[in-house]
Amino acid sequence: ADLSDKKPPSQDLQDKVHFLFNNLSTSTLQQKVEEFTALVGDEYYDWVAQYLVMKRTSIEPNYHPLYMNFLDTVNNYNLRKAVLKETYRNIKVILSSDKTSNNFSDRAILKNLGRWLGMQTLAKNKPILHIDLAMKDLVLEAYHRGQQDLLYVVPFVAKVLEACADSKVFKPPNPWVMAIMTVLGELHAVHDLKLNLKFEVEVLCKHLSLEISELPPSNFLSDTERAKKLCQLVSQKDKQSGTGT
Amino acid sequence: KINLMDELTLKGVTQYYAYLEERQKVHCLNTLFSKLQINQSIIFCNSVQRVELLAKKITQLGYSCFFMHSKMAQHHRNRVFHDFRNGECRNLVCTDLLTRGIDIQAVNVVINFDFPKTSETYLHRIGRSGRFGHLGLAINLITHDDRFNLFSTEQQLKTEIKPVPKEIDKRLYVAEYQ
Chain A
459 ADLSDKKPPS QDLQDKVHFL FNNLSTSTLQ QKVEEFTALV GDEYYDWVAQ
509 YLVMKRTSIE PNYHPLYMNF LDTVNNYNLR KAVLKETYRN IKVILSSDKT
559 SNNFSDRAIL KNLGRWLGMQ TLAKNKPILH IDLAMKDLVL EAYHRGQQDL
609 LYVVPFVAKV LEACADSKVF KPPNPWVMAI MTVLGELHAV HDLKLNLKFE
659 VEVLCKHLSL EISELPPSNF LSDTERAKKL CQLVSQKDKQ SGTGT
Chain B
108 KINLMDELTL KGVTQYYAYL EERQKVHCLN TLFSKLQINQ SIIFCNSVQR
158 VELLAKKITQ LGYSCFFMHS KMAQHHRNRV FHDFRNGECR NLVCTDLLTR
208 GIDIQAVNVV INFDFPKTSE TYLHRIGRSG RFGHLGLAIN LITHDDRFNL
258 FSTEQQLKTE IKPVPKEIDK RLYVAEYQ
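Chains as they are written, first to last, in this note's numbering: chain A, 459 to 703; chain B, 108 to 285.
In case anyone wonders, no lab produced these hints; they're calculated from the structure. Mixed in with the good hints there might be a few duds.
Listed next, the in silico BS3-like pairs over lysine-lysine satisfying Cα-Cα at most 27 Å (straight line) [claimed, not checked]:
| # | chain 1 | residue 1 | chain 2 | residue 2 |
| --- | --- | --- | --- | --- |
| 1 | A | Lys569 | A | Lys626 |
| 2 | B | Lys277 | A | Lys465 |
| 3 | B | Lys269 | A | Lys513 |
| 4 | B | Lys277 | A | Lys474 |
| 5 | B | Lys142 | A | Lys474 |
| 6 | A | Lys543 | B | Lys277 |
| 7 | A | Lys629 | A | Lys539 |
| 8 | A | Lys569 | B | Lys277 |
| 9 | A | Lys465 | B | Lys142 |
| 10 | A | Lys513 | B | Lys142 |
| 11 | A | Lys513 | B | Lys277 |
| 12 | A | Lys474 | B | Lys164 |
| 13 | A | Lys513 | B | Lys118 |
| 14 | B | Lys132 | B | Lys273 |
| 15 | B | Lys273 | A | Lys465 |
| 16 | B | Lys163 | A | Lys474 |
| 17 | A | Lys550 | B | Lys277 |
| 18 | A | Lys474 | B | Lys273 |
Covered stretches of chain B, going by a simulated chain A footprint (3 or more residues, C-beta under 8 Å) [as the list claims (entries may be wrong)]:
| # | region |
| --- | --- |
| 19 | 138-145 |
| 20 | 157-171 |
| 21 | 193-203 |
| 22 | 271-283 |
Ideal Cβ placement from N, Cα and C applies to all residues, glycine included.
With the hints as constraints, model all of the structure from the sequences given.
Given below as structure tokens:
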């Protein structure tokens with residue numbers, strides 16, 4: 459619930475960073491980036507990344523393009539890397555949290571983080587590596603764990619893949635994307651799938667200009683052997699209930 | 108239908124006041140903007156002149172702000188409001204123009220830079236018209252002269268406005284922290 463595991467700057471500097479983000483907008487962007495660069499040294503990038511991901515992008519989806527623009531303008535490799543790492547970390551914390559209590563805000567945060575992840579990676583023609591996040595396995599695992607897990611995973615995956623529409627490399631028919639879309643198509647055909655999840659898949663297809671009926675048939679989800687070999691990302695490894703936010 | 112009071116609610120809005128002198132107001136605003144987590148905010152003043160003065164002052168101080176008041180042409184006001192709603196800037200300084208409650212979801216903080224003269228105005232500024240009354244924080248800057256207004260507003264609206272605590276719990280005004 460706090461930012462204490464990253465070396466925090468002085469209270470004064472923290473206040474200045476808060477002020478900066480409270481007043482970041484398209485018209486003040488250039489000025490704020492200059493202020494930021496002068497103000498915050500790279501020894502605090504881990505802290506800034508945590509602040510940006512946990513306190514801003516995870517709950518302010520209305521400013522995702524702005525925050526992306528901010529990162530692009532600061533244009534610092536270490537900062538980008540820290541933000542991406544922090545994004546993956548938060549996603550994994552929520553995925554491995556207790557999902558039995560119907561925690562709506564966790565799901566909303568996960569969706570926001572999904573979109574933010576897609577913008578940092580796929581939209582910029584950068585891959586989401588299997589070791590960072592195994593997207594297809596995630597769907598498979600959630601499918602075998604049941605409804606509650608699907609409620610978290612499907613909207614999340616759909617949000618991540620939304621970014622493919624802006625990508626030269628990851629736009630369909632990119633095979634990595636199509637492999638996941640095929641699985642989502644298979645999931646869509648499951649007769650007792652919740653309507654809002656079907657809807658998520660349909661919206662994504664529309665976004666990527668795909669016809670759901672034209673996705674190739676798949677029996678990835680029904681393959682129980684494969685499910686047994688999964689690395690269990692969604693599962694609740696330890697009884698942590700927090701979201702990390 | 109003119110009077111929309113009954114459709115406005117203070118539910119979900121946490122209200123605080125800060126007791127200070129007129130000359131401390133801008134400094135107080137700076138402190139709020141260094142401590143709170145603001146998606147978008149609306150800052151109310153009691154006169155057209157004060158709106159323009161404050162907007163100018165805080166823009167110089169590095170705020171992202173638009174301003175809007177009753178002396179502006181309607182099409183100009185519409186434009187400002189439209190752009191604000193689209194998130195083109197973070198903060199809006201204005202007089203009492205938004206009379207149907209704030210239904211911009213991104214606005215999570217409302218600041219009464221000048222405390223309103225009547226409880227009706229207070230409700231219009233702070234009250235939410237949305238059915239779900241999404242969360243919000245209202246901060247009132249109170250000077251010596253406002254103290255009776257503060258008291259009567261609390262009485263008439265049957266609500267409680269507490270002094271600003273040292274730390275404000277984010278769950279009170281940032282939706283996903285619930």
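Status of each hint after checking the structure:
1. Annotation: proposed proximity of Lys569(A) to Lys626(A) holds, straight-line Cα distance about 23 Å (limit 27 Å).
2. About 22 Å separates the Cα atoms of Lys277(B) and Lys465(A), which keeps this hinted pair within 27 Å; it holds.
3. Under the criterion of a C-alpha separation no larger than 27 Å, the hint pairing Lys269(B) with Lys513(A) is consistent with the structure, at around 26 Å.
4. For the proposed pair Lys277(B) and Lys474(A), the alpha carbon gap of about 18 Å is at most 27 Å, so the pair holds.
5. Of the supplied pair hints, the one linking Lys142(B) and Lys474(A) holds, its CA atoms being roughly 9 Å apart against a limit of 27 Å.
6. Proximity of Lys543(A) to Lys277(B) is assessed by CA-CA distance (about 25 Å); at most 27 Å being required, the pair is judged to hold.
7. Only pairs whose Cα atoms come within 27 Å are accepted, and Lys629(A) paired with Lys539(A) is accepted, the gap being roughly 24 Å.
8. For the hint linking Lys569(A) to Lys277(B), the alpha-carbon distance of about 20 Å falls within 27 Å, and the restraint holds.
9. Restraint check: the Cα-Cα separation between Lys465(A) and Lys142(B) comes to about 19 Å, which is no more than 27 Å; the hinted pair holds.
10. Note on Lys513(A) and Lys142(B): the hinted pairing holds, with a Cα-Cα distance of about 13 Å set against a maximum of 27 Å.
11. At most 27 Å may separate the alpha-carbon atoms for a hinted pair to count; Lys513(A) and Lys277(B) meet this at roughly 10 Å.
12. Annotation: proposed proximity of Lys474(A) to Lys164(B) holds, straight-line Cα distance about 18 Å (limit 27 Å).
13. At most 27 Å may separate the alpha-carbon atoms for a hinted pair to count; Lys513(A) and Lys118(B) meet this at roughly 24 Å.
14. Simply put, Lys132(B) and Lys273(B) have alpha-carbon atoms about 17 Å apart, close enough for the 27 Å limit, and the pair holds.
15. With a CA separation close to 23 Å, the supplied pair Lys273(B) and Lys465(A) stays within the 27 Å bound.
16. Of the supplied pair hints, the one linking Lys163(B) and Lys474(A) holds, its CA atoms being roughly 20 Å apart against a limit of 27 Å.
17. Proposed proximity of Lys550(A) and Lys277(B) is supported: the alpha carbons are some 23 Å apart, at most 27 Å.
18. Restraint check: the Cα-Cα separation between Lys474(A) and Lys273(B) comes to about 18 Å, which is no more than 27 Å; the hinted pair holds.
19. With a cut-off of 8 Å between beta carbons, the region 138-145 of chain B has 6 residues touching chain A; three or more are needed, and the interface restraint holds.
20. Coverage of the region 157-171 of chain B by chain A holds [criterion: at least 3 residues with CB-CB distance below 8 Å; count 3].
21. For a cut-off of 8 Å, the count of residues in the region 193-203 of chain B with a CB near a CB of chain A stands at 5, and the three-residue condition holds.
22. Here's how the region 271-283 of chain B fares: 3 of its residues keep a CB closer than 8 Å to some CB of chain A, so the rule of at least three is met and the hint holds.
Comparing the model with each numbered hint stated earlier shows that all of them hold.
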